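Student: Generate coordinates for the entire structure from the input sequences, incorporating the hints supplied.
Residue numbers (our numbering), protein chains in the order written: chain B, 50 to 636; chain U, 50 to 636.
Take the hints with a grain of salt, since some may be wrong.
Identical copies carry no separate label here, and so any pair may be met within one copy or between two of them.
[Said to hold, decoys possible] Each computed DSS-like pair below joins lysine-lysine, with the alpha-carbon atoms no more than 30 Å apart: (1) K133 / K148; (2) K312 / K202; (3) K545 / K195; (4) K188 / K202; (5) K195 / K312; (6) K415 / K379; (7) K371 / K389; (8) K540 / K161; (9) K188 / K540.
Rather than coming from a laboratory, the hints here were simulated on the basis of the structure. Bear in mind that the values here come from a model prediction, so they are computed numbers and not experimental data.
Protein chains: 2
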Amino acid sequence: MFRTHTCGELRLSNQNENVTLAGWVQTIRDKGSILWIDLRDRYGITQITLVENKTPAELFETARSLGREFVIQVSGKVAERESKNPKLPTGEIEVWAEKIAILNPAEVPPFKIEDETDGGDDLRMKFRYLDLRRNIVRKNLELRHKMAQETRKYLDSQYFIEVETPVLIKSTPEGARDFVVPSRMNQGQFYALPQSPQTFKQLLMVAGFDRYYQIVKCFRDEDLRADRQPEFTQIDCEMSFVEQEDVLQMFEGLIRHLFRSVKGIEIPTLPRMSYEEAMRLYGSDKPDTRFEMKFTEITHLAKGKGFQVFDNAEIVVGICAKGCAEYTRKQLDELTEFVKKPQIGAKGLVYVQCKADGSFKSSVDKFYTQDDLRTWAEAMQAQAGDLLLILSGETAKTRKQLSELRLEMGTRLGLRDKNKFSCLWVIDFPAFEYDEEAGRWFAMHHPFTSPKPEDITFLQNGELGKVRANAYDMVINGTEVGGGSIRIFDKNLQAKMFEVLGFTAEQAEKQFGFLMNAFRYGAPPHGGIAFGFDRLCAIFSGADSIRDFIAFPKNNSGRDVMIDAPSEIFQEQLEELGIRLVKNKQL
Amino acid sequence: MFRTHTCGELRLSNQNENVTLAGWVQTIRDKGSILWIDLRDRYGITQITLVENKTPAELFETARSLGREFVIQVSGKVAERESKNPKLPTGEIEVWAEKIAILNPAEVPPFKIEDETDGGDDLRMKFRYLDLRRNIVRKNLELRHKMAQETRKYLDSQYFIEVETPVLIKSTPEGARDFVVPSRMNQGQFYALPQSPQTFKQLLMVAGFDRYYQIVKCFRDEDLRADRQPEFTQIDCEMSFVEQEDVLQMFEGLIRHLFRSVKGIEIPTLPRMSYEEAMRLYGSDKPDTRFEMKFTEITHLAKGKGFQVFDNAEIVVGICAKGCAEYTRKQLDELTEFVKKPQIGAKGLVYVQCKADGSFKSSVDKFYTQDDLRTWAEAMQAQAGDLLLILSGETAKTRKQLSELRLEMGTRLGLRDKNKFSCLWVIDFPAFEYDEEAGRWFAMHHPFTSPKPEDITFLQNGELGKVRANAYDMVINGTEVGGGSIRIFDKNLQAKMFEVLGFTAEQAEKQFGFLMNAFRYGAPPHGGIAFGFDRLCAIFSGADSIRDFIAFPKNNSGRDVMIDAPSEIFQEQLEELGIRLVKNKQL
Chain B
50 MFRTHTCGEL RLSNQNENVT LAGWVQTIRD KGSILWIDLR DRYGITQITL VENKTPAELF
110 ETARSLGREF VIQVSGKVAE RESKNPKLPT GEIEVWAEKI AILNPAEVPP FKIEDETDGG
170 DDLRMKFRYL DLRRNIVRKN LELRHKMAQE TRKYLDSQYF IEVETPVLIK STPEGARDFV
230 VPSRMNQGQF YALPQSPQTF KQLLMVAGFD RYYQIVKCFR DEDLRADRQP EFTQIDCEMS
290 FVEQEDVLQM FEGLIRHLFR SVKGIEIPTL PRMSYEEAMR LYGSDKPDTR FEMKFTEITH
350 LAKGKGFQVF DNAEIVVGIC AKGCAEYTRK QLDELTEFVK KPQIGAKGLV YVQCKADGSF
410 KSSVDKFYTQ DDLRTWAEAM QAQAGDLLLI LSGETAKTRK QLSELRLEMG TRLGLRDKNK
470 FSCLWVIDFP AFEYDEEAGR WFAMHHPFTS PKPEDITFLQ NGELGKVRAN AYDMVINGTE
530 VGGGSIRIFD KNLQAKMFEV LGFTAEQAEK QFGFLMNAFR YGAPPHGGIA FGFDRLCAIF
590 SGADSIRDFI AFPKNNSGRD VMIDAPSEIF QEQLEELGIR LVKNKQL
Chain U
50 MFRTHTCGEL RLSNQNENVT LAGWVQTIRD KGSILWIDLR DRYGITQITL VENKTPAELF
110 ETARSLGREF VIQVSGKVAE RESKNPKLPT GEIEVWAEKI AILNPAEVPP FKIEDETDGG
170 DDLRMKFRYL DLRRNIVRKN LELRHKMAQE TRKYLDSQYF IEVETPVLIK STPEGARDFV
230 VPSRMNQGQF YALPQSPQTF KQLLMVAGFD RYYQIVKCFR DEDLRADRQP EFTQIDCEMS
290 FVEQEDVLQM FEGLIRHLFR SVKGIEIPTL PRMSYEEAMR LYGSDKPDTR FEMKFTEITH
350 LAKGKGFQVF DNAEIVVGIC AKGCAEYTRK QLDELTEFVK KPQIGAKGLV YVQCKADGSF
410 KSSVDKFYTQ DDLRTWAEAM QAQAGDLLLI LSGETAKTRK QLSELRLEMG TRLGLRDKNK
470 FSCLWVIDFP AFEYDEEAGR WFAMHHPFTS PKPEDITFLQ NGELGKVRAN AYDMVINGTE
530 VGGGSIRIFD KNLQAKMFEV LGFTAEQAEK QFGFLMNAFR YGAPPHGGIA FGFDRLCAIF
590 SGADSIRDFI AFPKNNSGRD VMIDAPSEIF QEQLEELGIR LVKNKQL
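Tutor: Here it is as structure tokens:
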């Protein structure tokens with residue numbers, strides 16, 4: 050046996066016991082006549098002590114040959130410490146070493162294995178197994194484990210059963226790009242890796258499984274933005290004989306259970322906000338509701354006073370930043386620069402400072418009287434000391450720009466506390482969105498989402514923009530953590546859906562024939578939801594990036610730099626698969 | 050709300066309640082003045098009753114328009130049944146229909162949705178979502194869910210943490226064929242799908258995770274034998290600071306927990322058998338120990354009496370089939386035919402019937418006296434009434450042949466009861482096996498398995514056949530359900546291992562450099578195990594095939610015939626990936 054206890058286990062009650070520990074050398078402090086080793090494992094740190102004249106001399110020699118991250122085994126007696134460390138659970142004791150064995154030496158690690166490390170991102174990714182030794186990173190993965198456990202516990206208690214769906218499936222043209230897998234046994238054909246188990250979970254409903262879930266890897270071959278990964282994990286769920294209300298209740302229950310069991314937090318009932326309202330009040334379908342600062346439209350108040358910019362705008366809309374009236378010229382310029390950044394794209398920013406004396410100072414003073422500005426301030430429920438920030442232009446774009454500015458102001462004002470959680474449902478999404486570039490309609494959620502019954506006439510008429518869907522997103526702190534819908538379960542409606550999305554009957558049959566076929570044999574009403582598990586873990590931890598919640602993530606080029614994947618394969622492998630590389634002539 | 054109760058929920062205590070159920074029409078019995086519908090969902094069956102003069106007439110009309118597998122919603126009052134059905138949990142009540150809504154009609158399914166179905170394999174695979182409706186198939190997947198739940202419960206209680214390892218990894222030449230995934234962002238390069246998370250779990254040990262597990266999909270692109278799947282699931286585990294004994298104890302605990310919690314069975318302590326002993330006594334490294342019938346070698350007794358076949362054999366070995374002395378000529382011929390089948394490959398079978406009167410009758414009577422045969426019978430502990438079955442030839446082949454014959458006899462004698470479970474550990478496996486065809490040594494388990502310390506000199510000398518490994522398999526009822534080993538954690542020993550396996554230093558570095566590198570920074574002693582989860586579920590259920598424990602399995606050509614995958618992809622997809630198909634000229 051390598052150890053009798055872990056490094057996080059010994060207490061004063063173990064005094065005088067003979068124990069054996071094993072772990073990594075965190076630090077060595079050598080005072081000549083006395084030497085301490087901090088021995089670390091996943092469970093904690095225990096102080097090992099060597100004292101001149103009490104500890105065999107050769108142990109000092111061994112101890113002095115140790116370096117950081119050596120793996121050692123220590124036997125000795127548990128003793129009460131003279132100077133206790135109340136910060137450590139093991140801080141009341143130390144182990145008086147009687148035997149030290151070096152299990153494996155270690156070279157000096159390329160960066161410090163501490164919470165505050167000196168290693169850069171690239172180095173830490175290359176030596177991920179060392180980065181994972183850091184408490185802070187390991188704790189993220191322990192949180193993830195706990196989240197998965199508690200998710201399963203809740204869903205099991207609600208009679209969901211976990212079913213594994215296949216990873217080698219069929220490529221479909223809709224949605225993001227598939228990763229494909231050439232088949233050796235069926236040369237010239239390919240499997241695809243699933244972007245989600247969507248159709249399989251619907252088939253499980255047709256199969257009568259009633260309540261399904263799976264914590265499952267999904268795959269998207271997209272150009273990786275800052276915080277995307279080519280493989281990611283979903284909590285994927287589906288229920289039969291449900292309406293939207295049933296699904297919202299069930300998964301509000303899940304998120305409440307997770308906050309309670311993982312964070313010890315009771316969250317209030319989730320407010321529900323329509324997509325229309327979210328866009329109107331926050332300019333976003335995933336509003337950060339940790340703070341108010343809602344939009345106020347002042348189009349009718351601002352037009353007709355000779356200020357061309359507003360006069361020509363479809364919308365004039367602003368936010369009220371509490372207590373910011375005294376922003377300096379420099380601060381105001383920064384905000385203007387912010388909204389003019391290419392990724393935001395506003396032409397300019399109008400501000401109104403509501404002075405302490407009741408007067409107003411604005412960047413458009415030559416067009417508007419004090420009375421004009423007072424009507425704006427009143428509409429925006431501003432008080433003396435507040436700052437109004439106003440954008441104008443085409444409705445959708447302007448709202449999006451103001452949403453960014455709102456978030457920026459929230460950050461500047463410290464209103465986006467990572468330890469505070471504000472959850473809500475956004476509902477009544479449009480069923481379709483028009484892609485100007487592609488010149489066609491796409492399903493906003495996916496082609497299996499049912500339209501609201503009252504909007505089906507719009508679907509029949511081809512007024513796709515007016516069709517709302519039985520779709521819903523769960524939003525926490527301005528991030529969409531999950532989304533789902535009530536599905537179509539009628540084969541004719543599903544066929545109609547594919548038709549308006551531009552599929553020919555043949556294409557629909559070829560790609561999704563199996564699903565529409567399944568609907569012929571008694572499909573129950575059903576709906577579900579999928580949560581982005583990596584993201585959910587990051588939010589629970591108050592972190593920005595999902596990368597530190599994935600044990601072995603890939604970088605922005607989709608590479609695993611630790612194992613050096615992807616990599617070239619052997620010519621024989623290509624031949625067996627019946628494929629050939631097209632050499633890039635520019636190389 | 051679609052339902053107030055499920056179809057498995059109502060009892061006599063619900064009498065007179067107004068309820069709403071939803072589900073599938075299992076059967077309709079129409080007696081004219083009274084009509085019953087058996088309504089089915091995942092949870093059970095409830096009898097819906099319509100009675101003339103009590104039920105509104107139009108409900109009869111609706112009910113008579115229903116067909117098998119229609120999805121309906123029924124509201125009504127719970128009443129006590131006149132003729133109760135004690136076989137059904139809901140058998141004491143029925144629901145007097147007051148309202149019936151057809152939620153979705155159904156075409157006549159292509160086969161019966163019953164335990165005994167009339168659908169052939171191919172048809173049931175194509176309509177898998179209907180096959181899954183059958184109780185018998187759904188129960189398999191419910192068992193699987195329960196097995197996964199209980200596995201997690203046990204491992205969680207032992208401080209294991211579940212960590213997800215990547216699916217897009219690096220192709221390695223050792224082992225079975227990899228499925229590969231062409232990279233779009235890194236054209237000309239490929240990811241591979243993991244055959245197991247072996248190196249990642251070892252890196253997690255280097256990272257100090259101490260106890261890891263994962264229920265995880267793995268992939269092998271092999272020609273599919275009868276009961277293999279290209280994607281399969283493992284319970285993958287690894288522990289640090291352990292010796293073989295620690296691992297065996299821990300996972301004996303897991304299997305005991307599973308038998309107890311899933312089957313209600315207390316299994317005895319698992320016997321341990323060395324590989325050498327298993328081969329000697331059962332001719333197999335996965336002996337079916339539900340029955341004895343061990344091998345007895347009678348080489349020394351059988352040689353030198355002029356029977357050329359035995360005289361020229363390396364080994365003469367037999368089994369004693371209790372009570373089979375009176376096998377007919379036809380039965381004995383069948384056994385001879387059996388061992389001569391090409392896949393078994395014996396040249397012939399020698400038998401000795403131990404007659405009730407103490408005499409012997411054998412197929413080699415002209416070479417052996419009654420006394421000769423008596424020495425055989427005594428060696429094999431045979432009694433009057435028993436039948437000795439004897440094979441001879443080259444040791445390894447003969448043992449293998451006799452193993453097949455032993456299993457055949459076990460089956461014929463009804464000794465392989467699927468509801469009886471016999472578990473054991475097979476230990477002390479050889480580290481290497483020689484592949485005559487390839488003309489080289491391969492790692493029997495894998496190249497990361499540590500040799501037994503006392504056999505390391507053989508490794509240094511190149512006497513690879515003598516090196517035993519710290520490797521172990523768990524065997525249940527003649528099937529290997531799990532296997533593992535204590536790993537190498539010393540970089541020099543690992544390098545030596547790659548060397549004797551024929552890797553050049555460059556190849557080893559290129560393929561496994563990251564692992565050997567990791568060993569430089571303080572790798573702890575570690576070891577682990579992986580269980581074949583699909584197989585384990587099948588064995589627990591007493592089933593032969595894993596296919597019915599996988600929701601959406603593939604056929605023997607690796608195809609999913611339901612969704613029709615793999616399939617062709619678009620030319621643009623190929624171009625984006627920088628690959629081209631090599632057309633098969635024979636087509």
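Student: None of the hints should be skipped; say for each whether it holds.
Tutor: Hints versus structure:
no. : hint        : in the structure
1   : K133 / K148 : within (23 Å within a copy, 74 Å between copies)
2   : K312 / K202 : both (16 Å within a copy, 21 Å between copies)
3   : K545 / K195 : neither (43 Å within a copy, 40 Å between copies)
4   : K188 / K202 : both (21 Å within a copy, 20 Å between copies)
5   : K195 / K312 : both (10 Å within a copy, 27 Å between copies)
6   : K415 / K379 : within (21 Å within a copy, 114 Å between copies)
7   : K371 / K389 : within (23 Å within a copy, 91 Å between copies)
8   : K540 / K161 : between (60 Å within a copy, 22 Å between copies)
9   : K188 / K540 : between (47 Å within a copy, 28 Å between copies)
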